[in-house]
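Starting from the given sequences, assemble the full structure and let the hints guide the process.
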Amino acid sequence: MNDGVTSALPLSPASLHILLSLAADDLHGYGIMQEVARQSEGKYKLGPGTLYDNLQKLIRRRWVQELGQRPGDDDPRRRYYRLTSLGRGVLTAETARLAGVVREARARLQMTRPQIAKPRRA
Amino acid sequence: MLRSLYRGLLRLHPPAFRERFGGEMLAIFDQAAERQPRFKLLEDGIVSLVRQWALRPEFWYDISPAPTAETASDGMPSFYTLDPFRPRTAAVVHGVLLTVVVFCLTCFAIRYSWIHVLHVHIPEVQFESSSSFEEHAVAPASSQEPEIASRPARDKQNLFSSSSPFSPAGQKPAPGALPIPEMRQNGEGISRPVPPGRAANVTTTAAVPNAAQNGAIAPAAELNPQQQAWGGSAEPEQTYAANQAAAGATSGATRNATIDAAERHRVIDGAIANLTKYYVDPGMAQKMAAALGAHEKSGDYDAVTDGLVFADLLTRQMQDVSHDKYVVMIYGAAIAPENPRPPTAEDISAYRKEMERTNCRFEIVRVLPRNVGYLKFNSFPDADICGTRAAAAMARLNNVNAIIFDLRDNPGGYANMVALLATHLFDRPTHLNAFYNRGENTTEQSWTLPPVPGNKLADKPVFILTSHATFSAAEAFSYDLKMLQRATLVGETTSGRGHMAMGRRIDDHFMIRVPDIKVTNPISKTNWEGTGVEPDVRVKAADALVTAEKLAENKLRQR
Chain G
1 MNDGVTSALP LSPASLHILL SLAADDLHGY GIMQEVARQS EGKYKLGPGT
51 LYDNLQKLIR RRWVQELGQR PGDDDPRRRY YRLTSLGRGV LTAETARLAG
101 VVREARARLQ MTRPQIAKPR RA
Chain P
1 MLRSLYRGLL RLHPPAFRER FGGEMLAIFD QAAERQPRFK LLEDGIVSLV
51 RQWALRPEFW YDISPAPTAE TASDGMPSFY TLDPFRPRTA AVVHGVLLTV
101 VVFCLTCFAI RYSWIHVLHV HIPEVQFESS SSFEEHAVAP ASSQEPEIAS
151 RPARDKQNLF SSSSPFSPAG QKPAPGALPI PEMRQNGEGI SRPVPPGRAA
201 NVTTTAAVPN AAQNGAIAPA AELNPQQQAW GGSAEPEQTY AANQAAAGAT
251 SGATRNATID AAERHRVIDG AIANLTKYYV DPGMAQKMAA ALGAHEKSGD
301 YDAVTDGLVF ADLLTRQMQD VSHDKYVVMI YGAAIAPENP RPPTAEDISA
351 YRKEMERTNC RFEIVRVLPR NVGYLKFNSF PDADICGTRA AAAMARLNNV
401 NAIIFDLRDN PGGYANMVAL LATHLFDRPT HLNAFYNRGE NTTEQSWTLP
451 PVPGNKLADK PVFILTSHAT FSAAEAFSYD LKMLQRATLV GETTSGRGHM
501 AMGRRIDDHF MIRVPDIKVT NPISKTNWEG TGVEPDVRVK AADALVTAEK
551 LAENKLRQR
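Sequence order for the protein chains is G and P. Residue numbering for the first sequence follows our numbering, starting at 1 and increasing by one per position. Residue numbering for the second sequence follows our numbering, starting at 1 and increasing by one per position.
Do not take every clue at face value.
[Stated by the list, open to error] Residues from chain G that face chain P, not an exhaustive set, calculated with beta carbons under 7 Å:
| id | residue |
| --- | --- |
| 1 | Tyr30 |
| 2 | Pro48 |
| 3 | Gly49 |
[What the hints assert, rightly or not] Quick list of the computed label-pair ranges, beta carbon to beta carbon:
| id | chain 1 | residue 1 | chain 2 | residue 2 | range |
| --- | --- | --- | --- | --- | --- |
| 4 | P | Thr99 | G | Glu104 | 47 to 53 Å |
| 5 | G | Pro76 | P | Val102 | 45 to 51 Å |
| 6 | P | Tyr61 | G | Thr6 | 27 to 33 Å |
| 7 | P | Lys40 | G | Asp73 | 21 to 27 Å |
| 8 | P | Thr106 | G | Pro76 | 53 to 59 Å |
| 9 | P | Thr99 | G | Pro76 | 44 to 50 Å |
[What the hints assert, rightly or not] Here are some chain G residues pointing at chain P (derived, C-beta under 8 Å):
| id | residue |
| --- | --- |
| 10 | Arg60 |
| 11 | Asp73 |
| 12 | Arg77 |
If you are wondering where the hints come from, they were derived from the structure by calculation, not from laboratory data. A virtual CB, placed ideally from N, CA and C, is assigned to each residue, including glycine.
Shown next as structure tokens:
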């Protein structure tokens, strides 16, 4: 794995959700917000400020590419964003890392049994 | 309404962010308005605004993708030596401006802080850092007339250290009351700055070209009135060099002239006669005379044929006995018969110009915090010429609560200025000191002038800053006020020049400088000759001002 990608991990929740939302399709900002809400079942909501703050960082890192406006869109102000191959690599790496964390967590949780404190004698 | 507010928020974002995402954020606001509380979006906008300005300076003007790593044409990867982040020009400019502002504020704080942690000397008015007017004064006439009168003409010389002491303080000296300043070389420029007194010897070299042309070389400066400045005399280590300067200046036949037994005898006789007659301490004069006679009798001088060596030898022998480094034998190629001469109108004019150019050596007149007056002056110039400026300086400080006189770089000057400045510190004429002239067996007293109308300083605390470079008249000012318990001296022991010396011709090649006037304080009945004036509070000269300010502050608090 690329060292640069590894060093960028772990991703912040916002970055992870944005990359994940763009993994399937190119989306505009509002679409990303909706997709993030959907993925998290409404538990994680991105505000526009946080969204674009993260997007500018992802663009600077070349993980996300701006496609510009798409003809025929309802709102001409919308711009679309696409996950780059580099961004996809990062997302893959982060997913693998998280999978490892989940696996490890599950293993630990299964090994751990609840302990009941024994009463002490005075 | 809320939309306008949100739009305004977006406009306040950094330019790059606003241009790239502003439209989209507004579109989201428009679209989401129905479903999400608008206030939440406003809140998000405010957080975003703060975050972009405070935490994202690298995105203020550009959010384009970072350049990709380049690969060199030969296939080898090139290496980044710098972080991709490069500070913006504006950031650099802001940084420089901020640095300058902080630096200025720091300097200001140091200079004007209530408690002086550091003392940084930032004068209001800074003249050339010369130590005395004698160093720069120009006397065209001197270069034109290197010959010097043989007869001591002190009665015609009203310079501070000679005749001024002979007139009651405050009395205006006679028109010729000027030290003959340093000589010019061929009338061009000013010879190098020299310490008062001793350096006068060296300035002889400046007179050489003219003198050589005239065929008459004289250690003119030896008889220059500035020689008679309070305590001003050649220091031992200067003597030989001075003699070399006097003799080396000559050319041809007179250079390294040999002296015979007759001349040696004549010089020793002349030295004994002058010492016996003029030296301030008759007993010591006898001892020196006896020593010279003994050396001569034992044949110590028989092998000495070089004038320079002879003069140096005599100087050492006289000083070995007296420990008075101002007794000096001087060798010159030709000592002119008329010496010294009274100052000419040109001398006076040149001195006046020099004083005007240098503000009479008044360097700093300032009111410090706590309304403490501070006066730094690097000479006691002739009150006849600088009296107005001195009065103006004192008038400016008339309303202070305490006053500090900074004499750390003051080489002395005129007695009339001592009296004039001291006048402001008393409410009645006060006896400062007396000048005893051994040769004439006369004593003149120096008093302050009648009180200055409107003067408010007579009862204000006075502090005087001293250093080892505080000379002659500056020492007199310090000593007199200390004896009168009118001032607190802060700093170092002064140089210790309480006598005045006069160069006296012996023959065409030799002259002797003999301290012949003694200053006596009416309270202590003695003076600071050789010992210097002891400070009341001993600190390094560099720390004297800070210390004096603290003392003044304490004193004012007590009052």
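Cross-check of the supplied hints:
1. Checking G/Tyr30 against chain P: minimum C-beta separation of about 5 Å stays under 7 Å; hint holds.
2. Hint status for G/Pro48: holds, given a least beta-carbon distance of 4 Å to chain P, under 7 Å.
3. Using the Cβ-Cβ criterion of 7 Å, the hint placing G/Gly49 at the interface with chain P is satisfied: the shortest such distance is roughly 3 Å.
4. Distance hint for P/Thr99 and G/Glu104: a CB-CB separation of about 51 Å, consistent with the stated range 47 to 53 Å.
5. At roughly 49 Å, the beta-carbon separation of G/Pro76 and P/Val102 lies within the given 45 to 51 Å, and the hint holds.
6. Restraint check, P/Tyr61 to G/Thr6: a C-beta distance of roughly 31 Å satisfies the suggested window 27 to 33 Å.
7. Between P/Lys40 and G/Asp73 the beta carbon distance is about 25 Å. The supplied range of 21 to 27 Å therefore holds.
8. The given range of 53 to 59 Å is respected by P/Thr106 and G/Pro76, whose C-beta atoms sit roughly 55 Å from each other.
9. Against the hinted window of 44 to 50 Å, the Cβ-Cβ separation of P/Thr99 and G/Pro76 comes to about 47 Å, which satisfies the hint.
10. The restraint placing G/Arg60 at the interface with chain P holds, with a minimum CB-CB distance near 5 Å, inside the 8 Å limit.
11. A hinted interface residue such as G/Asp73 counts as satisfied when its beta carbon comes closer than 8 Å to some beta carbon of chain P; here the least separation is about 10 Å, so the hint is violated.
12. Interface restraint check: G/Arg77 against chain P, minimum CB-CB distance 4 Å, threshold 8 Å, status holds.
Hint 11 from the earlier list is the only one contradicted by this structure; the remaining hints agree with it.
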